[in-house]
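Here the protein sequences line up with chains A and B, keeping their order. Heads up: take any position in the first sequence, counting from 1, add 6, and you land on the numbering used here. Heads up: take any position in the second sequence, counting from 1, add 6, and you land on the numbering used here.
For the record, the hints were derived by calculation from the structure and aren't laboratory data. All C-beta atoms, glycine included, are put in the ideal place defined by N, C-alpha and C. Please note that a few of the clues may not be correct.
Some but not every residue of chain A turned toward chain B, in silico, with C-beta under 7 Å [claimed, not checked]: (1) 51; (2) 53; (3) 55; (4) 59; (5) 70; (6) 71; (7) 74; (8) 75; (9) 81; (10) 90; (11) 92; (12) 121; (13) 122; (14) 126; (15) 127.
Protein chains: 2
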Amino acid sequence: MINYPNKKVVSDSKKEYINYGNRGMNLEDSINLTNTYYLENNIAVIHKKPTPIQIIKLDPKKGRIVDAFFKSPSTTDYNGIYKGRYVDFEAKETQSKTAFPLANIGKHQVEHLKKVKEQGAIAFVIISFSKLDEIYLLDANYIVACYTNLERKSIPYSYIKEHGHLISRGYFNRVDYLKILDEYYI
Amino acid sequence: MINYPNKKVVSDSKKEYINYGNRGMNLEDSINLTNTYYLENNIAVIHKKPTPIQIIKLDPKKGRIVDAFFKSPSTTDYNGIYKGRYVDFEAKETQSKTAFPLANIGKHQVEHLKKVKEQGAIAFVIISFSKLDEIYLLDANYIVACYTNLERKSIPYSYIKEHGHLISRGYFNRVDYLKILDEYYI
Chain A
7 MINYPNKKVV SDSKKEYINY GNRGMNLEDS INLTNTYYLE NNIAVIHKKP
57 TPIQIIKLDP KKGRIVDAFF KSPSTTDYNG IYKGRYVDFE AKETQSKTAF
107 PLANIGKHQV EHLKKVKEQG AIAFVIISFS KLDEIYLLDA NYIVACYTNL
157 ERKSIPYSYI KEHGHLISRG YFNRVDYLKI LDEYYI
Chain B
7 MINYPNKKVV SDSKKEYINY GNRGMNLEDS INLTNTYYLE NNIAVIHKKP
57 TPIQIIKLDP KKGRIVDAFF KSPSTTDYNG IYKGRYVDFE AKETQSKTAF
107 PLANIGKHQV EHLKKVKEQG AIAFVIISFS KLDEIYLLDA NYIVACYTNL
157 ERKSIPYSYI KEHGHLISRG YFNRVDYLKI LDEYYI
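Full structure from sequences and hints, please.
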C-alpha cells in the first residue's frame, strides 16, 4: 500500500536522523514537503490554503499589490482528500515542553473543525513540541472539548500524549500523518 | 432534508426572479452567498480558497504588505465537505452564448480535478453563461476529456447542455449546486 522508505532508518537511530532531517525546517515546510510527497505518489491530495489577504490598493501599471494586510483565517490551513475521505487540519508549533497554549488556535478555526466533523470529516490538529522533537496528531474532538472548557488556557503535554498519536517521520514524508489515519481512522 | 424556499417562485416567474435576484452579483459572489447559506444551515462546509499571493515586501512598522503579486492557482477555488463526501470545484463565467473557452481553466486546475477524482471526490466545474442567464454543473471527467483533446479550444454550449446539469436558483442559495449532487452523485 503506502511505502514508508525510511521507516527502518528512523527506528534504528531516531534522534540523530530526525535532527538531521528537520534541520532548519519548520513545521509548515515539513508538512508541505510531506503533502508534495503524497501528491506526487498519488497517495492523497492535500494542500495548504493560501493565507487570506485583504487588498487595499493595486497598482494597475505595475500589476502589483501595493497595500494589503493579513486577515485572520476563518478555516484551517490544510484540507483535501485521502482514500475518499475529506481530511481537514490545522498545524501548530509550540516552544513549551509542558503544554500547548490554546491561544495558538483561533475561535473560527475551532468552530470550523467542529462543523466539518459534523459532516463526517477526519479532522485534527498537528501539534509540534519542537523542544521535545515530538509531533502529535490530536483529534478535533479533543480540541473542541478543551477549547469550550473556559477554565483551560492550554492543553497539558500529558493529555496530548494520552489522547493523541505520535507521528513518525520519514525523509520525504517528514510528518507522516496519513499513517495515523490508516491506523485509527480508515 | 434541504429546504429550497424559493423553488416555487423560481418556477412561477423564472426570468424576472433570476434577473432581480442576481442583479449586480457576479458568479463568485453568488456562490459565496450560497456557501454561506449552506454553512449557516449546517448543510455543508464549502469555502472559497483565498487567492494565492506572492509577498515581496512587508512594512514591519505599518504591519502591511507593500509589494506583492497574484500567483496562478495550483488548485481549484472551492472545496469542502457535504454529507461525508469531499467536494471540489472551479467556477467560471463566460460572455459567449455558444461555447465555453477552455483557456478559462488552467492546466494545473484540470490536473487537480483529475487527481481528486481519482481519490473519490465529487469534482466538477460550474459554468455560467451570463448572457443566457444559465448556470451549469459539468462533471470534472468531461472537463478533463475536453482539455486533453488538443484539437478543442472550447466546449460547445450544446455539449454542456447535454452532459451537464442546469443549476436551479433560490434566493439565499442562488447557485444551488448541492441539489444536483443530491440528484446525481449521492
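Checked hints:
no.	hint	in the structure
1	51	holds, 5 Å
2	53	holds, 5 Å
3	55	holds, 5 Å
4	59	holds, 5 Å
5	70	holds, 5 Å
6	71	holds, 4 Å
7	74	holds, 4 Å
8	75	holds, 5 Å
9	81	holds, 5 Å
10	90	holds, 3 Å
11	92	holds, 4 Å
12	121	holds, 5 Å
13	122	holds, 5 Å
14	126	holds, 3 Å
15	127	holds, 5 Å
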